[in-house]
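2 protein chains.
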Amino acid sequence: MTFDTQPSRGPKSIRIDFEPLGRRVTVPQGDSILKAAQLAGIDLVAICGGIGVCGACRVRLIEGRLSPLTGAERKALGSNLLAEGFRLACKAHPLTDVRIEIPPESLNLTQKLQLEGIESTFDLAPAVIPVDIQLSPPELTDLRADLTRVSQRLDGLGYPPLSAGVEMLAMLSNRLRDWNWTARIAIIPGRETSELVGILPFSQPLLGLAADLGSTKLAFYLVNLENGAILTQTGRMNPQIAYGEDVVSRIAFANQGVESKKKLQTRLIETVNQVAAKLCKEVNVNPDWIVDSVFVGNTVMHHLFCGLPVRQLGTAPYIPAVSEPLSIRAQEIGLDFSPGARAYLPANIAGYVGADHTAALLAGGFFEDDRTAVLVDIGTNTEISLMVHGKIFSCSTASGPAFEGAHIRDGMRAAPGAVDDVIFSDGKWEISTIDDRPPVGICGTGILNAISALLDTGTINDQGRLVSGSPWIKMENNVPAFVVSAQGAANNNREILITRKDVHEIQLAKGAIRAGIEVLLEEAGIGTEDVQDWIIAGAFGTYLRLESAIRIGMLPRVPLERFVQVGNAAGVGARQMLLSTHKREQARLLAEKAEYIELTTYLKFTEKFVESMFFQ
Amino acid sequence: MTFDTQPSRGPKSIRIDFEPLGRRVTVPQGDSILKAAQLAGIDLVAICGGIGVCGACRVRLIEGRLSPLTGAERKALGSNLLAEGFRLACKAHPLTDVRIEIPPESLNLTQKLQLEGIESTFDLAPAVIPVDIQLSPPELTDLRADLTRVSQRLDGLGYPPLSAGVEMLAMLSNRLRDWNWTARIAIIPGRETSELVGILPFSQPLLGLAADLGSTKLAFYLVNLENGAILTQTGRMNPQIAYGEDVVSRIAFANQGVESKKKLQTRLIETVNQVAAKLCKEVNVNPDWIVDSVFVGNTVMHHLFCGLPVRQLGTAPYIPAVSEPLSIRAQEIGLDFSPGARAYLPANIAGYVGADHTAALLAGGFFEDDRTAVLVDIGTNTEISLMVHGKIFSCSTASGPAFEGAHIRDGMRAAPGAVDDVIFSDGKWEISTIDDRPPVGICGTGILNAISALLDTGTINDQGRLVSGSPWIKMENNVPAFVVSAQGAANNNREILITRKDVHEIQLAKGAIRAGIEVLLEEAGIGTEDVQDWIIAGAFGTYLRLESAIRIGMLPRVPLERFVQVGNAAGVGARQMLLSTHKREQARLLAEKAEYIELTTYLKFTEKFVESMFFQ
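First to last, the sequence lines map onto chains A and B.
Everything in the first sequence is counted per our numbering, starting at 1 for the first residue and increasing by one.
Everything in the second sequence is counted per our numbering, starting at 1 for the first residue and increasing by one.
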């Protein structure tokens with residue numbers, strides 16, 4: 001939401017950007033951050049009512065300057081939080097334009113995150129298996145070393161001898177003694193050795209963590225490895241947003257130096273550790289019972305997560321350091337699971353088609369060779385794959401963040417108060433908002449539905465121009481704009497508009513997606529009608545109204561029943577790989593099979609892109 | 001050297017223990033640490049002559065209190081050294097009894113360290129091999145990931161695909177670009193994958209580090225893995241000495257808590273890193289060209305080095321956490337080599353017979369089944385092995401630190417100024433000192449030779465009593481003592497004596513060693529005359545005079561030509577394992593074959609020990 005046109009009256013105006021929500025507001029100098037947040041429709045926790053004693057509304061400065069630290073802040077925050085740069089939103093006010101980070105714990109309402117997806121049945125075959133052991137303790141007539149003692153028991157059960165890193169070995173020795181030589185160990189049975197990855201109390205369930213690391217959103221699933229049950233799950237905003245909204249700006253930030261790149265990694269790993277600890281606490285288990293993990297993300301997220309270089313991903317020909325599946329020690333990148341736990345990262349397909357897409361293809365069943373199917377995973381970058389005659393073609397297209405509400409005048413993410421539907425019924429316009437709260441801005445699905453209805457009513461022409469003279473159009477700075485809501489944000493009393501520029505942003509986004517689809521179809525030599533299954537993935541893809549997406553030309557006009565909206569397919573694929581080594585192998589083969597089509601050098605792409613920008 | 005009897009005169013007396021040298025001195029309060037060190041015959045670097053400007057005489061407080069920090073110290077040391085707790089010996093004086101650590105760089109004269117040993121010829125077969133690669137850079141028509149690009153080249157050469165940790169992968173990507181896709185990579189070729197352990201400039205030699213981690217001394221060898229040459233080598237005092245003189249006291253220190261145990265590990269790892277960096281600088285190579293390493297030490301050193309628990313090594317039945325050979329990532333314990341380098345730690349035999357003994361057995365040729373041989377590795381703990389009829393019997397005996405000069409009235413380690421020989425010739429006693437410096441104290445070989453001569457002259461009887469009335473005996477506190485040197489330490493003007501208690505310490509030490517030998521012979525059912533080869537290892541074992549050792553009964557009376565003094569056999573074995581995986585396998589089999597005899601529960605040990613304490 002942009003308030004750039006706020007008239008100046010008296011005191012200096014200050015612009016505040018709230019991250020990771022991507023919301024901007026302009027307030028008179030002197031207004032507290034809390035007041036500004038309320039104005040922007042952001043519901044900060046303020047238990048004490050903003051008198052500076054509860055410490056709950058803590059935020060962090062990213063850029064700019066704030067008023068000096070007050071005694072109340074010192075008292076409420078304590079030295080640890082102060083050292084981490086926290087301030088109280090109710091006490092601090094900006095002295096310059098600022099960017100403010102709101103940590104998840106300070107937000108009253110979590111954002112709508114997509115966690116559900118298609119599920120399929122498959123046999124459990126986790127990489128890590130449990131072995132319960134009860135050993136006789138050492139004595140003068142039995143001087144075997146601890147590792148030998150356990151290895152020989154495993155040998156009796158038909159497993160090869162144990163191997164492990166030193167921290168795992170140390171934990172084994174300590175826990176065997178603490179637990180009177182009775183425990184459950186978690187091993188990865190290999191050909192020559194059994195890798196020790198965890199030691200748990202006797203008969204406790206082995207746990208795994210699957211995570212989908214999106215550029216914007218992170219989704220986490222804590223899973224029982226022995227029966228596949230999701231014990232608990234949650235979503236978080238990606239903390240890296242504070243350093244760049246999309247992967248391109250994060251690569252630029254990383255390129256500033258080793259420390260910057262390290263910071264992106266550290267913030268992400270810290271968040272994963274915090275979430276893992278929180279999920280474990282929720283279901284009353286110990287984080288070191290997590291003995292395996294799977295992480296999927298686009299190639300840049302994958303590289304930043306592992307500490308691999310990303311500079312080369314920022315310039316053509318966009319080469320990944322690694323495209324093979326990686327199985328690394330979770331400890332090596334600072335993850336606080338069992339010291340022996342591994343982190344599995346499936347194969348990347350290309351610099352802009354990452355392991356998250358591989359996971360989505362797996363979840364979408366692209367290993368069944370006889371299908372003809374398209375998978376569209378909509379995001380800031382939209383990855384598209386087409387399977388036909390046992391072949392897979394993949395591409396990535398820069399659809400931009402418009403569907404997340406960015407670059408849209410009154411755009412916002414799909415949070416409470418966002419207009420998510422605009423329809424024309426009985427001669428008048430009606431809107432609905434998420435959670436039926438007073439309208440604050442408009443989210444991706446809202447603007448999609450609005451444009452669809454504006455096309456139907458002839459308010460927008462086929463080039464995307466708002467037809468002036470139409471009764472629902474007002475002139476804003478001499479340019480026609482559609483009034484979504486005259487009353488605007490609850491505390492802000494300002495209209496919510498859709499401008500010509502907003503429509504253009506959507507045209508760019510939908511044009512990019514449609515052109516990508518068309519290129520793949522052409523490459524395969526088939527038409528839209530030949531494709532049986534159209535799988536639409538991603539949070540936005542789940543909530544979008546198919547009719548609207550077809551109406552604006554983002555998706556082709558095929559029978560609605562051919563579409564399936566699967567939600568977070570990448571997260572589903574990640575869970576499948578956590579639970580089955582066969583799924584890992586299937587995913588590896590999928591990535592190997594996928595033929596990457598680089599659109600930037602594809603001759604006809606530009607032509608198709610321009611065509612696709614128009615409305616029909 | 002103990003000055004406990006220093007008369008008090010005026011100001012309070014202060015006792016100072018200097019570590020890691022193990023020297024004690026008593027001085028009047030107000031004397032600087034530098035002055036006290038000089039009094040104790042310790043040659044601290046003092047470039048500026050003790051006026052507090054050069055900062056070279058820096059030392060660190062371990063225990064007790066020092067005078068307040070002076071401005072001169074602040075200026076000379078700088079904030080980094082101050083933060084690490086350094087003080088200037090020339091400016092600080094103790095306020096209480098203190099223990100002071102002298103870092104190696106502050107000592108003018110390095111101690112005599114044993115680095116030479118028996119060498120044997122064997123075929124080079126290092127675990128890590130070099131592969132020179134020159135790759136075509138990525139382009140739009142060749143989008144392979146970096147790892148794929150290298151793997152496919154390896155495939156062309158017949159090696160399996162690459163695997164690696166993430167930091168190694170990151171280095172690979174960066175260096176390939178920096179070096180224009182031309183480099184030498186270091187791999188461990190396995191059955192399924194080639195493990196990437198290093199990336200060097202094209203055609204540079206792969207390096208390895210072998211180290212013998214003794215309780216007291218550390219020995220390091222920087223080796224060219226491709227031709228086996230030792231590029232350079234050095235010795236250091238074990239920095240853990242500051243926290244305990246022997247392994248028992250270090251276990252006690254480690255048991256104080258996680259932080260204490262961590263400190264023992266950290267100090268050791270820091271020293272290894274410093275030495276590795278220094279050795280590399282000496283021969284103008286980069287420490288990250290070190291792509292493999294082998295570390296040997298007794299079981300406690302082994303466990304502390306790796307961060308394994310040691311509590312259970314401190315109480316019967318003295319169970320190691322691990323006795324199997326370990327191949328760990330050097331990075332995992334903080335070693336600054338190539339991020340992919342491994343640290344190989346050979347098998348331990350038992351809680352008190354460690355991997356250093358395994359290495360010594362390897363160097364001593366104990367894999368040749370037809371030999372009858374005894375290996376005695378003399379140290380604070382003396383490990384003894386007997387091979388006969390293809391079997392190996394091993395034990396460990398607490399010979400104590402007397403041979404290192406500890407617990408001896410005027411004892412000291414084998415440093416310049418130590419009396420190392422005492423003979424009776426032409427009716428009078430003559431002494432010699434290391435480096436012909438004025439006598440400061442007496443070292444292990446000195447006291448051994450002295451007692452041998454005292455027995456020959458009848459000055460000591462067969463029970464170890466100094467025969468009063470002998471002309472070379474004076475009464476010291478009503479107990480007879482032998483005057484080694486009337487003039488004593490150069491700056492200290494005090495006699496060097498051998499007391500009844502000193503002789504008793506040596507009797508305990510030699511008795512323990514001899515009893516250990518006798519137990520093994522009895523267990524094997526053979527006599528001393530049946531053993532062909534007597535291999536005497538360890539620094540002290542190299543410098544001792546065999547005739548004296550036989551005279552006092554530490555070693556049995558067999559023909560001198562059956563003895564061989566091999567020096568640091570453990571270090572030689574470590575180098576062999578660095579250069580050959582076959583040697584690693586031989587060592588593994590040796591440790592497996594060795595049958596450990598626990599002396600503390602061996603019925604006849606005490607009897608043999610008491611017998612062995614007498615002189616014949």
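Because the hints were derived from the structure by calculation, they are not lab data.
Treat each hint with caution, since some may be false.
[Stated by the list, open to error] Derived CB-CB ranges, DEER-like:
| # | chain 1 | residue 1 | chain 2 | residue 2 | range |
| --- | --- | --- | --- | --- | --- |
| 1 | A | 334 | B | 70 | 37 to 43 angstroms |
| 2 | A | 78 | B | 256 | 45 to 51 angstroms |
| 3 | B | 144 | A | 227 | 36 to 42 angstroms |
| 4 | A | 603 | B | 142 | 32 to 38 angstroms |
| 5 | A | 277 | B | 80 | 30 to 36 angstroms |
Computed from a prediction, not measured in an experiment: that's the story for all the values here.
Note that CB positions come from ideal geometry on N, CA and C, so glycine has one too.
Tested hints:
1. A:334 <-> B:70: 37 to 43 angstroms: At 42 angstroms between Cβs, range holds.
2. A:78 <-> B:256: 45 to 51 angstroms: 30 angstroms Cβ-Cβ, so the 45 to 51 angstroms window is violated.
3. B:144 <-> A:227: 36 to 42 angstroms: 40 angstroms, holds
4. A:603 <-> B:142: 32 to 38 angstroms: Violated, since residue 603 of chain A and residue 142 of chain B (Cβ atoms, about 19 angstroms apart) do not stay within the stated range.
5. A:277 <-> B:80: 30 to 36 angstroms: 35 angstroms, holds
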